[in-house]
Amino acid sequence: MNPDVLRDLHHRMVRIRRFEQAAGSLFENSEMPGFIHLYVGEEAVAAGVCAVLRVDDQVGSTHRGHGHLVAKGGDFRRMMAELMGKATGYNHGKGGSMHICDLDLNMLGANGIVGAGVPIAVGAAFANKYRGNDAVSVVFFGDGATNIGAFHEAANMAAALSLPAVFVCENNEYGEFTPRHKTMAIDDVVDRAAGYGMPGVAVDGMDVIAVYEAATQAVARARAGFGPSFIEAKTYRYYNHHGVQTLGVKYRDDAEVERWRERDPIVLLEERLLATGVLDRAGVDTVHDHVQQAVDDAIRFAKDSPFPEPDRLLEDVYTEVAR
Amino acid sequence: MTATETTDGVDVRELSYVAAFTETMRQIMQADPDVFVAGEDVGASGGVFGSFTGLQEEFGEMRSVDTPISEQAIVGLGIGAAVSGLRPVVDLMFMDFVLVAMDQIVNQAAKLKYMFGGNTSLPLTITTNAGAGLSAAAQHSQSLEALLCHVPGLKVVMPSNAHDVKGLLAASIRDDNPVVFVKHKRLLGQRSPCPEELFEIPLGVANVVRPGSDLTVVTYGRMVGESLKAAGQLGDDGLEVEVIDLRTLQPLDHETIIDSVKRTNQCVVVHEAVRFGGLGAEIASQIQEHAFDYLDAPVGRVGAPFSPVPFTPTLEKAYVPDAARIAEQIRSTAGMR
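Top to bottom, those sequences are chains A and B.
Quick note, in the numbering used here, the first sequence goes up one by one and the last residue is 561.
Quick note, in the numbering used here, the second sequence goes up one by one and the last residue is 339.
So here's chain A without its partners, still in its complex pose:
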């Protein structure tokens, strides 16, 4: 595999991990309002998919959306400022963690309603087909979202209209605090793809290369005008549904968490990078150090930034008529 691609995948994953860990610490120290759904453990999915995408390809996201924005090239400063509710944030403090977006990167926003980002991303795919361009709309969603009507409606519509969309299910085995086997009677979420007439594949979501290869095929298919496809990435959420607790939660065994962490996506890739000589230990450390410096810079920027003034409250409820 192309060493530049491997280094890129590694860099994207480290960026997500370091950003999320820092955000989690700030949240734990009450330096961040609201609540926070962290992507730690699932980095290979966003990184593996977004490494395939162009800037003009759209990304639909979820309540656990920071990783998608980071992987699409999101700016740490504006992200951290948004999470802290600052005027300099991506959404000027009006969205926060659950609505963070960068429309210049065609990242169509995290979404606080499970499954609701799927129809919107399908609408973006429609716009691509309407314009006759070859951009692709990729939508991330959890295993839990495949149980809600909006997902079903949108998947069926994308297939019926043969839209350039890729459905990426981040199967982390839990819908909030309930294990997946209690909420669906199938072993593999990808089985649902057949019901829409879409090709589907299940991949090891802790193996970024497997995700990258599946995404390469699915995106190429959509780009060439052959319609949507479905990827189930089997992955795991290290932290609780929200917040930073990992162990000692009531609804899952600590041993299960430890088992998944033994297959950490970043460690797995680093072992491969070292074994194949793409990076040496110092090279790996340099990536982490550089990313951490950028995270620290973003935290300083966010802390130094002002909150929006109260007079901004009623701004942007509507687009004013300018004709």
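Calculated directly from the structure, the hints in this document are not laboratory data.
Every residue, glycine too, gets a C-beta built ideally from N, C-alpha and C.
Mixed in with the good hints there might be a few duds.
[Unchecked claim] When the alpha-carbon atoms are kept at most 25 Å apart in a straight line, the in silico DMTMM-like pairs for lysine to aspartate or glutamate are as follows:
| id | chain 1 | residue 1 | chain 2 | residue 2 |
| --- | --- | --- | --- | --- |
| 1 | A | Lys367 | B | Glu242 |
| 2 | A | Lys488 | A | Asp502 |
| 3 | A | Lys488 | A | Asp372 |
| 4 | B | Lys319 | B | Glu291 |
| 5 | B | Lys231 | B | Glu199 |
| 6 | A | Lys541 | A | Asp527 |
| 7 | A | Lys367 | B | Glu63 |
| 8 | A | Lys420 | A | Asp491 |
| 9 | A | Lys367 | B | Glu42 |
| 10 | A | Lys367 | B | Glu59 |
| 11 | B | Lys264 | B | Glu284 |
| 12 | A | Lys541 | A | Glu266 |
| 13 | A | Lys367 | B | Glu318 |
| 14 | A | Lys367 | B | Asp43 |
| 15 | A | Lys541 | A | Asp313 |
| 16 | A | Lys367 | B | Glu284 |
| 17 | A | Lys367 | B | Asp68 |
| 18 | A | Lys488 | A | Glu500 |
| 19 | A | Lys420 | A | Glu451 |
| 20 | B | Lys231 | B | Glu318 |
| 21 | B | Lys264 | B | Glu330 |
| 22 | A | Lys367 | B | Asp178 |
| 23 | B | Lys231 | B | Glu242 |
[Claimed, not checked] Computed from the model, here is a short list of chain A residues facing chain B with C-beta under 10 Å:
| id | residue |
| --- | --- |
| 24 | Tyr328 |
| 25 | Gly515 |
| 26 | Ala520 |
| 27 | Gly521 |
Given the coordinates of chain A, assemble chain B onto it according to the supplied hints.
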């Protein structure tokens, strides 16, 4: 299409309410390649009420899209396309079906611009058909505009005649915000003068359809016609009733209402929707906040009773407000016996 002679000798074309809708769609789609329509049956069949007749023949399947029966995905399609720079019209057939798509309308479309810190606009028009009177029963007859007017970020339009359908639809589609454009099913065949060329009626501006000095009726949609009938009857009894057609419910033309009430000192608000919690409650409240000292009587309200819309014609007739009920309320508010 017929031409009728007016008093000043100028030919004025008449058009049905639904034909005005279709003609406006066609003209806007001819003028703006970013406008398309998507929804159940809007393409090949031309729509359940014929609202989109001929558009697929003229503009093709990409611009006149027959979708699955999937209201959430239909509205989502519109949102995603609008965020991507297109100017979609999505049709939800019956206003009752708006409820099926409420998450996409209320949690997504209405809030997207605000949640995103102003970094986008959402030029999306959602068209639908409301109203009772066709024995369509409780799930195909509702007037749910108050639900939508309660949501910051949405605009809500309910035209009363063909001319206004044309001007308001053009303004709605060209507006950069999500607009819910509500036709009334019983007005679809009603003919009235309507210019052929495309024009806009600004959203948020009411129309005084009958001037009067004694009492103000504030209304919209199909109740404009019923209110005019009632006003005509009362005129024979010497009460000069002013009738305001709101045209747009969100944003509400507060100024026109208050100015009128300050002149007439009495007001009745009329809508077909259920009275309890209806738009009339908001309007009556605004009047008492801003024109209390001008009022000679409490603001009267006419609306449907607190029940689902019944099926059978005798019950439905008892349900839907009409000119007689409006006249009765006007007499009561004005202290006439």
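Results for each hint:
| no. | hint | in the structure |
| --- | --- | --- |
| 1 | A:Lys367 with B:Glu242 | violated, 57 Å |
| 2 | A:Lys488 with A:Asp502 | holds, 23 Å |
| 3 | A:Lys488 with A:Asp372 | violated, 47 Å |
| 4 | B:Lys319 with B:Glu291 | violated, 34 Å |
| 5 | B:Lys231 with B:Glu199 | violated, 30 Å |
| 6 | A:Lys541 with A:Asp527 | holds, 21 Å |
| 7 | A:Lys367 with B:Glu63 | holds, 12 Å |
| 8 | A:Lys420 with A:Asp491 | holds, 16 Å |
| 9 | A:Lys367 with B:Glu42 | holds, 20 Å |
| 10 | A:Lys367 with B:Glu59 | holds, 19 Å |
| 11 | B:Lys264 with B:Glu284 | holds, 17 Å |
| 12 | A:Lys541 with A:Glu266 | holds, 15 Å |
| 13 | A:Lys367 with B:Glu318 | violated, 46 Å |
| 14 | A:Lys367 with B:Asp43 | holds, 21 Å |
| 15 | A:Lys541 with A:Asp313 | holds, 16 Å |
| 16 | A:Lys367 with B:Glu284 | violated, 44 Å |
| 17 | A:Lys367 with B:Asp68 | holds, 15 Å |
| 18 | A:Lys488 with A:Glu500 | holds, 21 Å |
| 19 | A:Lys420 with A:Glu451 | violated, 31 Å |
| 20 | B:Lys231 with B:Glu318 | holds, 20 Å |
| 21 | B:Lys264 with B:Glu330 | holds, 22 Å |
| 22 | A:Lys367 with B:Asp178 | holds, 22 Å |
| 23 | B:Lys231 with B:Glu242 | holds, 13 Å |
| 24 | Tyr328 | holds, 7 Å |
| 25 | Gly515 | violated, 43 Å |
| 26 | Ala520 | violated, 40 Å |
| 27 | Gly521 | violated, 37 Å |
Hints 1, 3, 4, 5, 13, 16, 19, 25, 26, 27 from the earlier list are contradicted by this structure; the remaining hints agree with it.
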